[in-house]
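Colleague: Take these sequences, add in the hints, and give me the full structure.
One line per chain: the protein sequences are A and B, in this order.
Its first residue numbered 3, the first sequence is counted upward by one per residue in my numbering.
Its first residue numbered -13, the second sequence is counted upward by one per residue in my numbering.
Hints are computed from structural coordinates only; laboratory data are not their basis.
Every value quoted in this text rests on a predicted model; they were computed, and no experiment measured them.
The reader is advised that the hints may include incorrect statements.
To be verified - Below 25 angstroms or equal to it, Euclidean Cα-Cα: the simulated DMTMM-like pairs (lysine to aspartate or glutamate) are:
no., chain 1, residue 1, chain 2, residue 2
1, A, K231, B, E14
2, B, K(-6), B, D7
3, A, K245, B, D7
4, A, K214, A, E75
5, A, K56, A, E76
6, A, K245, B, E5
7, A, K231, B, D3
8, A, K201, B, E5
9, A, K231, B, D30
10, A, K231, B, E2
11, A, K9, B, E2
12, A, K231, B, E20
13, A, K231, B, D24
14, A, K231, A, E251
15, A, K9, B, E14
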Amino acid sequence: MKPFLQKFFLNSTFYVLFFALTPVLVSVLSLAVVVRAPFISHRRAMCHFRQLIKVYGKIIISFARPLVRVQYEESAPLPDAPRLYVCNHRSASDPFLMAFPPGEIVQWVNTWPFRLPILGPFARWAGYLSVRAMPSEEALARSARLLEQGVSIAAFPEGTRSASRVMGPFHGLIFRLALQTGAPIVPICISGNENIPHKGSIALNPGTIRIKTLPALTQSDYRSFAPFKLKTLVHEQISAELKRMEAAE
Amino acid sequence: MLKEEVIKLVNEVFAEDFEIDPAQLTPEAHIFAELGLDSLDTVDLIVALQKKFGVTIRGDERIREIRTLNDLYEFVLSIRPAE
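Modeller: So this is what it looks like as C-alpha cells:
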C-alpha cells in the first residue's frame, strides 16, 4: 500500500476508535470507580480514578500503535515522594503521554481542554487544575494540598504547544510551587511528537515518541535558588537533553 | 540621573536578581520573549527596581506597556527625573 493511503487508513482507524470508544471507555472507567466509591474513602476513590485515566491514556495511545510508537525511559530512579513533572510541550498528544510516568498524577491544563466534550468533565472530576482560570495563589494552594495527599503534578510550563523543536519560554508558577513545598522536580523530555499531530492539524504522522525523565532536582539542590533561576535551570536541562536525544536520531 | 546610570542600575537588577548574562542585556532585548521573564517574575522585578531606585512604581499603569529593556530604561527615567 502507498504510504499516503496507509497513513490515511491508519488515521481513519485511529479516529474511529478514538471517537467511538472514548465515550464507552470513559463510562466504563467512571462506573468502575462509582461502584466502589461507597465502600472506600473519597481519597482512595480519587486515586483509583486517576489511575484509570492513565489506563485510558495508554489504551488511546495503543490505537495509534501501527503508526506511532512510544518509548518511555527513566534516566535515574525517581524519588518516592510525590513529584512535580515538568515537561516540554509540542503536541496535543502530550497529556495522553502522562500515562507513562509513575504515580497518581494531576495535570495542570490550559482552559480549553476543560471545554472538550466528555474529556473535559472527565478531567474536571479527576481534579485537574485549569491554572489560567484561577489566581496563582489558589493554584499553589490546591496543588500543595494534592502533594500533601501524595499526588504528583504534571505541568507544561511553556503554557501552549510549541509545535516545533524550539522550546518556548517557561512560566514560573510550577517552580514557585516547588520552592514553596520542597517537592522534587522531575524534568521530562518529550521528543518526536511535534507532528503527532502537528499544531492546527489532527493528522497523526508516523514516528516514534520518546519520553525521557531526567534525574530529579530535590529541595537540597534548589533550596537557595530564586524562582527565575530554577525555571531557567530546568529549561536549560530539558533543552540540552532534547538536543542530545535528537542529535542521536 | 543620567540614562547611562539608569541603564547600569537596571542591568544590575537583571544580573543580580535574575542571574541573566549581561551580554543578553541589550536595549532591544524583549523582557518576556527573549529574557524569559513571566508575569510573576515581573512582580519580583518591580520589587527589586523599587528597592534599587528608592521609588514606588507598583500600580503605575504604564508598566503594562513595557516590552523591551529600553522601554524599561525610559520608564525608570520618567519616574526618576534627571538630577
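Colleague: Take the hints in turn and mark each one as holding or not.
Modeller: Cross-check of the supplied hints:
1. A C-alpha spacing of about 22 angstroms is found between A/K231 and B/E14, which places the hinted pair at or below 25 angstroms, so the restraint holds.
2. A C-alpha spacing of about 14 angstroms is found between B/K(-6) and B/D7, which places the hinted pair at or below 25 angstroms, so the restraint holds.
3. In summary, the hint linking A/K245 to B/D7 is supported, as the alpha carbons are separated by about 22 angstroms, within the 25 angstroms threshold.
4. Note on A/K214 and A/E75: the hinted pairing holds, with a Cα-Cα distance of about 5 angstroms set against a maximum of 25 angstroms.
5. This hinted pair checks out: A/K56 and A/E76 have alpha carbons roughly 18 angstroms apart, not beyond 25 angstroms.
6. For the given pair, A/K245 sits about 24 angstroms from B/E5 by alpha-carbon distance, which is consistent with the 25 angstroms threshold.
7. A distance of roughly 9 angstroms separates the Cα atoms of A/K231 and B/D3; the hinted pair therefore holds under the 25 angstroms criterion.
8. Taking the CA atoms of A/K201 and B/E5, the gap is near 33 angstroms; set against the 25 angstroms cutoff, the hint is violated.
9. Between A/K231 and B/D30 the alpha-carbon distance is near 12 angstroms, which keeps this suggested pair within the 25 angstroms criterion.
10. Under the criterion of a C-alpha separation no larger than 25 angstroms, the hint pairing A/K231 with B/E2 is consistent with the structure, at around 11 angstroms.
11. Of the pairs offered as hints, the one joining A/K9 and B/E2 is violated, with about 53 angstroms between alpha carbons and a cut-off of 25 angstroms exceeded.
12. The suggested pairing of A/K231 with B/E20 holds, with an alpha-carbon distance near 15 angstroms, which does not exceed 25 angstroms.
13. Taking the CA atoms of A/K231 and B/D24, the gap is near 12 angstroms; set against the 25 angstroms cutoff, the hint holds.
14. Under the criterion of a C-alpha separation no larger than 25 angstroms, the hint pairing A/K231 with A/E251 is inconsistent with the structure, at around 31 angstroms.
15. As the CA atoms of A/K9 and B/E14 are separated by approximately 46 angstroms, the hinted pair breaks the 25 angstroms bound.
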